[in-house]
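**Q** So you can see what is in the structure, the chains are spelled out below.
There are 2 protein chains.
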Amino acid sequence: MIENAPVTACLIVIGNEILSGRTQDSNLKFLGGRLNGLGVRLVEARMVADEEDAIIAAVNECRAAYDYVFTTGGIGPTHDDITPASVAKAFGVPLRRDEQALAWLREHYQDHLGDLNEARLKMADVPEGAILIENPVSKAPGFQMENVFVLAGVPMIMEAMFEDLKDRLSGGQPMRSVTLSAYITEGDMAVRLAEIQARRPETEIGSYPFLRNARLGLSVVVRATDDQALKLAVDEVRELIRFLGAKPLEHG
Amino acid sequence: MIENAPVTACLIVIGNEILSGRTQDSNLKFLGGRLNGLGVRLVEARMVADEEDAIIAAVNECRAAYDYVFTTGGIGPTHDDITPASVAKAFGVPLRRDEQALAWLREHYQDHLGDLNEARLKMADVPEGAILIENPVSKAPGFQMENVFVLAGVPMIMEAMFEDLKDRLSGGQPMRSVTLSAYITEGDMAVRLAEIQARRPETEIGSYPFLRNARLGLSVVVRATDDQALKLAVDEVRELIRFLGAKPLEHG
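Protein chains in written order, with the working numbering: chain A, 198 to 449; chain B, 198 to 449.
Calculated from the structure, these hints are not laboratory results.
Among the hints, a few may not be true.
Put simply, identical chains are the same to the list, so a pair is met inside one copy or across any two.
Once the Cα atoms are required to be at most 30 Å apart in a straight line, the calculated DSSO-like pairs of lysine-lysine come out as [claimed, not checked]:
no.	residue 1	residue 2
1	363	226
2	428	286
3	336	444
All figures in this text were calculated on a predicted structure; none of them were measured in a lab.
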């Protein structure tokens with residue numbers, strides 16, 4: 198990795214329910230924010246269906262293109278939970294029943310061992326060579342294969358799994374950001390904002406309109422890994438907002 | 198297109214704010230649901246950064262792979278709004294200022310023509326050969342290039358644009374779905390549910406756990422384009438839930 202090159206990640210959200218519009222994904226927002234804080238930039242996300250070919254293609258394209266890949270969804274006990282088998286195929290290795298995973302499931306079901314049927318036992322199957330990711334909520338683990346982290350789709354479980362794996366990530370410098378909001382329109386600000394962006398290439402300046410109390414406003418988000426560069430650009434944006442006769446509201 | 202082959206679509210969500218975790222995307226959910234109703238299946242979605250190379254690659258891969266491609270975001274007046282220029286490059290054509298788009302902007306700003314500065318005029322630039330998509334909210338249009346529909350990122354505007362373009366889509370048979378919910382766990386149901394899925398390959402059966410009033414439940418969603426196939430599978434899932442001693446709650 199080139200020194201100072203950003204550490205990159207891609208998220209693959211697996212599940213027909215996301216694409217059909219039935220379920221609102223929230224894992225992207227969580228992971229995007231948390232990875233950013235660890236100095237890892239989520240630069241792409243893909244939502245794919247519960248279909249083996251689609252999962253294999255996405256995993257193989259993304260693991261070659263990015264430093265880290267995260268998948269969410271498809272690791273439960275039902276017939277449409279095909280993520281572990283698909284990831285095994287993507288890596289060209291067999292699935293095998295993991296002893297540690299099996300022990301966790303047995304402990305979880307110790308008072309109702311009869312419930313640990315073949316469908317639930319499937320949750321102990323991981324690709325050969327995988328390193329487990331603990332699931333403190335319902336015990337069925339996620340796993341890591343090289344730079345690919347396979348997580349649950351249920352947000353509460355996915356978030357708990359992230360706590361277990363986060364120390365395995367080597368991040369770069371975290372991006373810091375400052376948001377300045379004002380009742381001003383994008384078009385009034387665009388030319389001068391582009392000048393600031395051109396003058397401060399080490400920052401990333403985005404602008405996002407909002408509608409509040411029937412008034413159109415704009416949030417300008419300035420992001421940078423370097424605190425001094427961030428401060429200089431924020432100062433210029435603040436000045437620009439005042440120059441345009443508006444009052445900047447600021448939050449980190 | 199093969200007869201009865203599903204009509205497919207891919208959504209490309211463009212914007213750093215989605216990937217950084219700052220903004221929760223809601224356009225995927227809207228488009229997934231609306232396209233489904235028109236007989237078009239959203240089979241993939243990609244979130245990419247405001248970067249030309251990423252946009253060009255996603256547009257070119259998706260327009261070759263799917264019947265329709267939708268993009269949201271990046272068509273405003275600021276420096277980070279680079280979608281039209283990137284789509285033009287993806288198609289290998291120049292951007293040009295569109296007379297109709299210009300007329301719409303002039304009408305919108307008629308009482309404040311001084312506000313129609315160079316940044317806002319940029320919103321009248323579309324790739325050569327594009328067909329405009331009307332924006333009743335703020336006038337700056339979206340556009341269609343062959344099978345690619347370029348829409349605003351602001352949900353209210355994107356949704357209004359979708360109303361304008363939807364008659365241009367030729368859908369297949371819409372997927373209908375029935376959801377059966379019960380206080381039952383996935384693992385108890387998985388083996389028999391897989392048997393129903395195997396017996397009814399013309400349907401698509403998904404199961405989604407939920408937690409309500411501190412009780413774990415499961416929603417089983419059965420989808421099919423054929424009403425009779427849907428009914429047969431739903432009857433079997435309903436019977437299975439009753440067989441397992443639970444009470445099915447049903448909604449379409």
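**Q** Run the structure past the numbered hints and jot down the numbers of the failing ones, going up.
**A** 2
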